[in-house]
Amino acid sequence: MMRSSNDRGNGTTMKLAVSLPPVEAPSDVQASADPDFALLARFVQKAEAAGLDMVLLADSAPAAGSDTSKRHVPFEATTLLAALATVTSRIGLVAAASTLAHQPYNLARRFASLDIISHGRAGWNATMVADPREAANFSRPEGFSPDDFRRRAEEFIGIVQGLWKGWDADALLFDQHGGRFFDPEKMHLLDHKGEFFSVRGPLNVARSPQDTPVLVMSGLSEPDMDIVARTADVILLDEPSVAGANDLKRRAIAFGRSPGAIKVLMNVAPDAEMAARPDVIADRLEESFRSKSCDGFNILMPPLESVLDDFVDLVLPELRRRGLVRSDYRNATLRSHLGLVEEEGQ
Amino acid sequence: MTAHQMKLGAFLWATGHHIAAWRHPQAHVTAGVDIDHYIQLARTAEAAKFDMIFCEDAAGAREANVNIASQTSRSIGFEPISLLAALAVQTSHIGLVSTASTSYNEPYGLARAFASLDHLSGGRAGWNLVTSASHIEAANFGATGLRPHADRYERAREFAAVVTALWHGKPDGASGLGHDGRSFSVRDALELPRSPQGAPVMVQAGASDVGRDLAARTADVVFTAAQTFEEAKAFYDDLKGRLAAYGREPDDIKIMPGVAPVVAETESEAREKYEELQELIPDDVGVALLSSYLSISDLWRYPIDGPLPELPASEGMQSRQALVIEQSRRDNLSIRQLARHFAGARGHWRMVGTPAQMADELEARFEGGAADGFNVMPSYFPGELDTFAALVVPELQRRGLFRKDYEGRTLREHLGLKRPV
Chain A
6 MMRSSNDRGN
16 GTTMKLAVSL
26 PPVEAPSDVQ
36 ASADPDFALL
46 ARFVQKAEAA
56 GLDMVLLADS
66 APAAGSDTSK
76 RHVPFEATTL
86 LAALATVTSR
96 IGLVAAASTL
106 AHQPYNLARR
116 FASLDIISHG
126 RAGWNATMVA
136 DPREAANFSR
146 PEGFSPDDFR
156 RRAEEFIGIV
166 QGLWKGWDAD
176 ALLFDQHGGR
186 FFDPEKMHLL
196 DHKGEFFSVR
206 GPLNVARSPQ
216 DTPVLVMSGL
226 SEPDMDIVAR
236 TADVILLDEP
246 SVAGANDLKR
256 RAIAFGRSPG
266 AIKVLMNVAP
276 DAEMAARPDV
286 IADRLEESFR
296 SKSCDGFNIL
306 MPPLESVLDD
316 FVDLVLPELR
326 RRGLVRSDYR
336 NATLRSHLGL
346 VEEEGQ
Chain B
9 MTAHQMKLGA
19 FLWATGHHIA
29 AWRHPQAHVT
39 AGVDIDHYIQ
49 LARTAEAAKF
59 DMIFCEDAAG
69 AREANVNIAS
79 QTSRSIGFEP
89 ISLLAALAVQ
99 TSHIGLVSTA
109 STSYNEPYGL
119 ARAFASLDHL
129 SGGRAGWNLV
139 TSASHIEAAN
149 FGATGLRPHA
159 DRYERAREFA
169 AVVTALWHGK
179 PDGASGLGHD
189 GRSFSVRDAL
199 ELPRSPQGAP
209 VMVQAGASDV
219 GRDLAARTAD
229 VVFTAAQTFE
239 EAKAFYDDLK
249 GRLAAYGREP
259 DDIKIMPGVA
269 PVVAETESEA
279 REKYEELQEL
289 IPDDVGVALL
299 SSYLSISDLW
309 RYPIDGPLPE
319 LPASEGMQSR
329 QALVIEQSRR
339 DNLSIRQLAR
349 HFAGARGHWR
359 MVGTPAQMAD
369 ELEARFEGGA
379 ADGFNVMPSY
389 FPGELDTFAA
399 LVVPELQRRG
409 LFRKDYEGRT
419 LREHLGLKRP
429 V
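Residue numbers (the numbering used here), protein chains in the order written: chain A, 6 to 351; chain B, 9 to 429.
Here chain A stands alone, though its shape is the one from the complex (with noise of 0.2 Å):
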């Protein structure tokens, strides 16, 4: 395996998501969609020819704590990230998605789907934060118990991430002259019966390009870190440290997997510190990132391509020149990107 000397020592750089909140449109936009869509996809194409490993689009029906009299990008995100998906070919879209909001077979189609549209880049993200106005909405206004809401978020990524592999990746033969078009043997029911679901399944969208879309999980407290061990692939923290990284890499491998499986990303919100002092962000994340506490970072900015440009034109060439982010996307799918698939091309 090649190492580069500068990285820090196992051969990885370091992860870079930018995060896209529902916060409200910029004065300057006009009120109608179109307007919105291309200042969105501007941004995301922006983000993926600096080779971002992939936008988070976050989601919220409606956002705790906010005003409904106020106008927010007008777009679910899911809906959103089939569009983006479409005017971009490499970077990663990662959409937020409550639990509460959906039913776990409908929400495992919806991102199976955008994962095929996608070809292999689309990833979840699970929140485990139990928002009482969501409930809301959607016919609990008793909402849950902070227990039972994990055991039910529990419940219900474990039903997703199993519907998700209930196609075997040469399931489909499209066989037009012998008359079949997949293997019976490689296609299997989860039925699963549990504590709030019960699902039969199959799915009936494809296997996903990149096996299964990628697992982010958010809004985690000390509880939730088993699950997180168990099921995600890229956690995001406000405050990750050395030791919580090594507990959860140590559950991980008590879990048989390995302490590679998971990425934690560190939320970061640099903005206007920015383009007066790059090499003092730069810095901050170089430490953060050789003291193994983090696998990344996840940029926490408002839709405006002012802030994306600092940080891609002031900020990232400097962590680039520190040989601390790969300079382009070597595969295509975002799993890859994020290293979480054996090591292809070494």
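What the hints contain is simulated information worked out from the structure, not anything from laboratory work.
Be a bit skeptical, because a hint or two may be false.
Residues from chain B that face chain A, not an exhaustive set, calculated with beta carbons under 10 Å [unchecked claim]:
(1) Pro-33
(2) Thr-80
(3) Phe-86
Remember, it's a predicted structure, so these values are computed and weren't measured experimentally.
Glycine included, every Cβ here is placed at the ideal spot set by N, Cα and C.
For this one, chain A is given, so just place chain B on it according to the hints.
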């Protein structure tokens, strides 16, 4: 003033509407995993000035028996809301309509998704409301069985009312939606701007008595299956007659029966094409499909060359069951003949002929007051959609029966529907 012209939908389904379409050498066999194929279909339909493309949906497998399922292409495909969102930004005019079930969704989430689709498409989205009649779907949502027909429709009525209220925005001075009903409770208004076309277009296809009432109350477009002119006319008059009770005008609903064309330059070529497809249907697949329309599981026990047995009433698709039984008695068809007949077009109007013959028939139903337009169901994709666009659409345009260009930008404008207040 806009001329009196028919509306056309392009009904997309897997490799084609014919059950054996995927085996046809000119069908695109990987349609269910190829987004570019769908982008191409949408652009073909748009270039031909179709009002909309329409995607069916089921929240589960189409066929419980895996051996039967493995001989069709319908076990896998795109989830339609994500599919239409992708197509929205790859097209500019054509309407984008998809099915979604009121039995396995929540109104707030569905209203948001379609409102978002309407924004992404600049006002071209539509929702086809179905209540879902399949046990296979029910088993994916915790249910041990289907809810009774009447319960499904009661839930659907409340669902439609909440979605409509969410799309129309909160009343002035209200702090949210504040719906607290029998099946659903919803606190907030939608956190999205008003839909570009006022509200996405509401489509329905239920043909039972309660289904017709729900359509008369809430639908903008109704899809239906009718084999003969008389059936189509009776349905048309009945549904339009129900509108006044809800304070609506006959023009407020566009009725679009399905038509499954097999078209070629000459009649003998068209017949040949149809027979080629029919020959590709395995008997067990045909019988299984027929069983599902009849909502029974043991049709295979009866002699395949014998008549259809007497059947009990079901909680499934009541109108479709009646239609199949009626056809079997009228034409004295064996199970095998009936299976082949329905495998081809699923109870819809099958037409095999030349472009002029097809235009004659469509014109007769349109001018005869049996349809406002048609939902076109090509046998296989992309070939049969291409053929319809290349041969039949120009013939309809020559006769002044179909538009030569879009008059507006939104789906409501294409359909000549009022913008909701």
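Hint check:
no. : hint   : result
1   : Pro-33 : holds, 7 Å
2   : Thr-80 : holds, 6 Å
3   : Phe-86 : holds, 5 Å
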